[in-house]
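So the sequence lines, in the order shown, correspond to chains L and G.
No gaps in the numbering here: position 17 of the first sequence is 17 in our numbering, and each next residue is one more.
No gaps in the numbering here: position 144 of the second sequence is 144 in our numbering, and each next residue is one more.
Check each hint, because a few of them may be wrong.
One side of the interface only, derived from the structure: several residues of chain L facing chain G at Cβ under 10 angstroms [stated by the list, open to error]:
(1) Ser48
(2) Ile50
(3) Leu54
(4) Ser75
(5) Pro99
(6) Val104
(7) Leu129
(8) Leu146
Derived coverage of chain G by chain L (criterion: at least 3 residues anywhere in the stretch with Cβ under 8 angstroms from a Cβ of chain L; other residues may be distant) [to be verified]:
(9) 162-171
(10) 210-221
Hints in this document: simulated from the structure, not taken from any laboratory.
Cβ atoms here follow ideal geometry from the backbone N, Cα and C, with glycine treated the same way.
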Amino acid sequence: MSNTTMNAAPRKDLVVARQLAARRRRTDRILLWLALLATVIGLAFLLSIIATLLLRGLQAMSLHVFIDVTRPPGSGGGLLNAIVGSLIQTAIGTAVGTPIGLLVGTYLSEYAGKSRLGGSVRFVSDILLSAPSILIGLFVYQLMVLPFGGFSGIAGSMALAVIVIPIVVRTTEDMLTLIPTALREAAVALGAPKWKMILLVCYPAVRNGLITGVLLAVARIAGETAPLLFTSLGNLTWSTDLTKAMSSLPVTIYAYAGSPYPDWIALGWTGAMLITLGVLTINIFARIVLRQRN
Amino acid sequence: MSSSAISPPGHLATAPRKSGSTGDRIFSGLCHGAGVFVLILLGAIIIELFIGGLPAFRAFGIGFVWGDNWDPVAEEFGAIVPIYGTIVTSVMALALAVPIAFGIAYFLTEIAPVPMRQPVGTAIELLAAVPSIIYGMWGFFVIVPVMAQYVQPALIDSIGELPLIGVLFAGPPFGTGIFTAALILAIMIIPFIAATMRDVFRTVPPVFKESAYGLGCTRWEVMWNIVIPYTRRSVVGGIMLGLGRALGETLAVTFVIGNANRIATSVFAPGNTIASLVALEFGEAEADSLKLSALLALGFILFVLSFIVLAISRFLLRPPAGQ
Chain L
1 MSNTTMNAAP
11 RKDLVVARQL
21 AARRRRTDRI
31 LLWLALLATV
41 IGLAFLLSII
51 ATLLLRGLQA
61 MSLHVFIDVT
71 RPPGSGGGLL
81 NAIVGSLIQT
91 AIGTAVGTPI
101 GLLVGTYLSE
111 YAGKSRLGGS
121 VRFVSDILLS
131 APSILIGLFV
141 YQLMVLPFGG
151 FSGIAGSMAL
161 AVIVIPIVVR
171 TTEDMLTLIP
181 TALREAAVAL
191 GAPKWKMILL
201 VCYPAVRNGL
211 ITGVLLAVAR
221 IAGETAPLLF
231 TSLGNLTWST
241 DLTKAMSSLP
251 VTIYAYAGSP
261 YPDWIALGWT
271 GAMLITLGVL
281 TINIFARIVL
291 RQRN
Chain G
1 MSSSAISPPG
11 HLATAPRKSG
21 STGDRIFSGL
31 CHGAGVFVLI
41 LLGAIIIELF
51 IGGLPAFRAF
61 GIGFVWGDNW
71 DPVAEEFGAI
81 VPIYGTIVTS
91 VMALALAVPI
101 AFGIAYFLTE
111 IAPVPMRQPV
121 GTAIELLAAV
131 PSIIYGMWGF
141 FVIVPVMAQY
151 VQPALIDSIG
161 ELPLIGVLFA
171 GPPFGTGIFT
181 AALILAIMII
191 PFIAATMRDV
201 FRTVPPVFKE
211 SAYGLGCTRW
221 EVMWNIVIPY
231 TRRSVVGGIM
241 LGLGRALGET
251 LAVTFVIGNA
261 NRIATSVFAP
271 GNTIASLVAL
281 EFGEAEADSL
291 KLSALLALGF
301 ILFVLSFIVL
311 AISRFLLRPP
321 AGQ
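Isolated chain G (complex conformation) (with noise of 0.2 angstroms):
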């Protein structure tokens, strides 16, 4: 019915849109050259990146990737420890961050009074927008002091006097490492994930959740029977994307992981990441020289991480038409 409504005046139309069929022609160049001119934008990032590496990678071959040294002195590059940290740091973050994240959107879609639901929704929101720096500043300097005072002593001397499992929290509390970097990011990935949740959790068709509840259900049985099985994939989607933030934080960690380049088994240990450790020593390294090649190549293995984990979240957020 409504197509037929633009369809009749065919050749009517045709002379008086003569100067529109310009214009549309000059519009429709327009957007479609800005769609094209985006996919050249990531292509570009990826090869300028990796023709930047490409002399480190020359030089040290595959190797680059599993090597555990980092010596601008002697000009010798490996990727391992700031890749370990990087995953490392962003995996305990998902598991610090996910469950608060799941318990704030559940409280935000089914618990919490309907009047509290927008202002506390929008206050979980503003905690995504504080730039990542200035959780780099707060964590370094009221998150490092407690860690090293309080928390830190006490798994130390809990968890870290148990047997096997005692070396992951052993070692001087300095405050700094592995695990304040990781709280760091998990306070910052929180509000991504919690409100990917809550959106999700939304778009539960209201009749399955009343059936639930009809049926006797508690709140708890609805979300873990009903919301959580219709919204699993998104949900995931959700998480990877959470990690995807994680995997390339720069200045956050910077502050707080301790940098030194080597692998512990203490999570307490400082460690690097490979953003913390570009930021960090980008300032020392001159044109053309190999330590500056070592560092884009880093970038370009940041990027492959970060590209296959936001595809996959991508995939599970927004599934392929006709899904």
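Isolated chain L (complex conformation) (with noise of 0.2 angstroms):
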């Protein structure tokens, strides 16, 4: 059949074929050492991040940096009471804002179905995803901090939290839908009640999950400085106390980043190669424990 069509056709023809086939093949080839250069540039801005972090992190890295506490330039310190500070803000924040994105993922999944409030609940959590973190910064300043009186690690811990439920509730919801109906019939048909189910059947069924949502938004928190510069400040002198001015790893870093002291400045990439390595980490780790879904 298509020899016919071939040999009917014109020579002149056959000529212009090949070379369309060669023009399209080269196209080929071109995109497609573009696209292998696009991705060597993206993993190589990702090594030369690890890289730099490791080369300047290290010099000043030693016992000093976990057992000192911040001192003035020139007088040795670490980044003890910024590494407790970092700790309890991250710790409360996710705990005050993980049952709540918990709640809300269950109510966009169980609840909501097509109501218009389930729409605007679920819109109105992908902005919050996404909203710019400085500006949580500022609205926690407004309701914490100016009402209170001055900045305090409470603060600091709430700005945390709002940024904490979106990301939970994206997992919750994400991870809740993908539950088989059968299984939510076979709690129900045995006569467990609409909360039974959610607790002690889609709960655990998606366990797994949840823990990752958790620790993405841990990781998302503990490398947070813009919402805590106005909230929780920074405080140069050791303190647990929430009340007050609470120092954090990332607003010390800043600090430190910023400042002409060379001292300063490496303990700075010191901190921060200990902050990117805990949240990569995490990341890994999170993506392991959703890998291994049952």
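Two chains, two frames, a set of hints: combine them into the complex.
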């Protein structure tokens, strides 16, 4: 069939066809290499960031980083208060934000259906997920710092909690909607009320997914700087008082990296290395947890 | 069929379910309450920022948006310079990021050998997890010197000499400035856009692609003629998501933009953005001062900008029910 049509066509077209095929293949190959180049560029950035952090961060790395508080330039010191402050605020932020996010995600998946309220909640949650974090800092400043007369660790924690909520909402809703209807029906058929079905059947079924959401939220807020600038401000002395200004790693790094003192800058790099390795480790761990889904 | 399995108990179930119905009411109330709480939260953010910025809006009127001076001593504030800086850096960042992000998504969905896709994809996603302050430090200590010594002098000597477009690349090579900020922003949003594109490219039914391959299409032709048209809407949504991220980015920009409150023609000149100006000047603003109010008003404007962009992105990525 095709032979006859080929023979019937003039010879000239065969040349054109061959040229066309060559051009198409060339285009394909050029774009293949461009795509490869783009990927290499992307990976090169990641490698460059990690290499820079390790090279510069290890210089000031010592036991003092973990057992000494921040000191004035030229007198040594470590990052203990910043590390502890970050841990406290991240922990409270996660502890406050997670249950709210979990309930909202449950509402969206189990109760909202196609209702207008559900649509609005889903929309607003998506906006919050990508809203500039600096605005959440300004908001909490207006709400908790101005009226109560000062920067505080609790205000910082609340700003972080606001960031946690939409992240947990997203993963919770996504995970719960994956549960097969048959599983729910089995629970209901046994006479379980809806809340028992959700708590005892649905949550355990997607446990790893929910944990992943919380881990991703922790990784996100652990490195947040902008919202803490206006809420917990940072504190160069040892303080675990939640009602006073509280130190945190990102804000300390910000202050140190922008300073003219070489020893502060070096310590800033060490802090940057610690926080990045921590955040990346949590991220990788979260992915492993998710992949182990039953 | 399946619903009939649930409904028959009817009257039988009411008596033993009594304890359950109380629990149901409580749990359902909690879930609904949390949902409403999120709505109130966003509303409160908008209202608090607006109330905080109200004195500035009152003092300068709508002219606050167009004013080009930022003089804390004379208490005169205008927002156009940071608004301009925010939009210019974000749009330039998109122009730099979209081709690279597209290349990565193309590589990860069509080109890379299957065993390579997962690890490379994860590495790109990790790039998105790096905190923004790290990008700022890395940009300031690694990228800025490279820009000052190599990239900017080269561009100033070549393109900067050309007529008309030359002014865009003129001026001394500080290393910092609008262009460097856009570059760092681009690096930050590449993983977001690439991951979204990869995910939407994967939604193309394989049979479409197989049909095209069966007709003798090359990989690029399948990408350009099948995958892109099928996913166009979501791809634009992903790009808008990246733009939304870029608009509000604070610390990465603060480190490298040079922080000067003026609009310059050259992309190498220092500038500022709403977020960088707020982060820098906030510490010097006293409670109840006009300056604090002007900063909060800037925050409100930034919120409106990102809200519009994110709402469009959301609409494109998740079409309203029924579509």
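Verification of the hints:
1. Ser48: This interface hint holds because 7 angstroms falls under the 10 angstroms limit.
2. Ile50: With a minimum Cβ separation of about 9 angstroms from chain G (threshold 10 angstroms), the hint on L:Ile50 holds.
3. Leu54: Hint on L:Leu54: violated, closest Cβ of chain G at ~12 angstroms, above 10 angstroms.
4. Ser75: Hint violated; L:Ser75 Cβ to chain G Cβ min 23 angstroms, cut 10 angstroms.
5. Pro99: 8 angstroms, holds
6. Val104: OK, holds: L:Val104 within 10 angstroms of chain G, min 5 angstroms.
7. Leu129: Since the shortest Cβ distance to chain G is 9 angstroms, the answer is holds.
8. Leu146: 6 angstroms, holds
9. 162-171: violated (count 0)
10. 210-221: That given contact holds, which follows from 4 residues of the segment 210-221 of chain G lying within Cβ reach (below 8 angstroms) of chain L.
Checked against the numbered hints given earlier, this structure breaks hints 3, 4 and 9; the rest are met.
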